[in-house]
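Number of protein chains: 2
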Amino acid sequence: MSNMKAKIIVTPKKAVLDPQGKTVQNALEHIGFKGIKDVRIGKYIEVEINDMDRETALREISKASHSILSNPVIEDYSIEII
Amino acid sequence: MSNMKAKIIVTPKKAVLDPQGKTVQNALEHIGFKGIKDVRIGKYIEVEINDMDRETALREISKASHSILSNPVIEDYSIEII
Chain A
1 MSNMKAKIIV
11 TPKKAVLDPQ
21 GKTVQNALEH
31 IGFKGIKDVR
41 IGKYIEVEIN
51 DMDRETALRE
61 ISKASHSILS
71 NPVIEDYSIE
81 II
Chain B
1 MSNMKAKIIV
11 TPKKAVLDPQ
21 GKTVQNALEH
31 IGFKGIKDVR
41 IGKYIEVEIN
51 DMDRETALRE
61 ISKASHSILS
71 NPVIEDYSIE
81 II
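As they're listed, the protein sequences go chains A and B. The first sequence begins at 1 in the working numbering and counts up one residue at a time. The second sequence begins at 1 in the working numbering and counts up one residue at a time.
A couple of the hints might just be wrong.
Since copy identity is lost for identical chains, a pair holds within one copy or between any two.
To be verified - Straight line, CA to CA, 20 Å or less: simulated EDC-like cross-link-like pairs of lysine to aspartate or glutamate:
no. : residue 1 : residue 2
1   : LYS43     : GLU80
2   : LYS5      : GLU80
3   : LYS13     : ASP51
4   : LYS63     : ASP18
5   : LYS13     : GLU29
Honestly, the hints are just simulated from the structure, not real lab data.
With the rest of the complex left out, here is chain A:
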């Protein structure tokens, strides 16, 4: 039982168009950044958790990622607990 930090990264699935990423790619090329193949934009969510064991935290965060933090139809997520 200790304090933990969960880091969740939510990204659009590979098959999903990412117009925001394309816009950022254009902006980067515009300021002279050459050789960019692709840009994808996602969300980063950091959750600080009090007094919970690691296993419970991972289970709760997985549930939350699937139900609230991402849209599983068009997004993937990855979870890291530290």
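Guided by the hints, dock chain B onto chain A, whose structure is given.
Then chain B, alone, in the frame of chain A:
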């Protein structure tokens, strides 16, 4: 010279209020997630780069993070090149 992936995480600075994070915290508590201390929401940007050496990539990405990908007044960023 090889293909690389840069992962940039942009988060609001600690001193900056994060109402989006607060909203997510409330939503998580609403579905029964107990013991959350804080939630911060940031952006995740993944840039695929062709044929560049690691040092140049890091320099270019740092420049881009500072000028385009983040607002250094209210946001911090971290860069990982893989």
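- Message: With identical chains, the pair LYS43 and GLU80 could be close in the same copy or across copies; at 20 Å between alpha carbons, which is it: within, between, both, or neither?
- Response: For LYS43 and GLU80, the Cα distance is within 20 Å both inside one copy (14 Å) and across copies (16 Å).
- Query: From the Cα coordinates, with 20 Å as the cut-off, is the pair LYS63 and ASP18 best called within, between, both, or neither?
  - Reply: neither (25 Å within a copy, 23 Å between copies)
- Homomeric proximity label, LYS13 with GLU29: Cα distance no greater than 20 Å: Neither: 24 Å inside a chain and 27 Å across chains, both beyond 20 Å.
- Message: Cα distance capped at 20 Å. Does LYS5 pair with GLU80 within a copy, between copies, both, or neither?
- Response: both (8 Å within a copy, 19 Å between copies)
- How would you label the pair LYS13, ASP51 (within, between, both, or neither) given a Cα cut-off of 20 Å? Cα proximity of LYS13 and ASP51: none, with 33 Å in one copy and 25 Å across.
When each numbered hint is compared with the structure, violations occur for hints 3, 4, 5.
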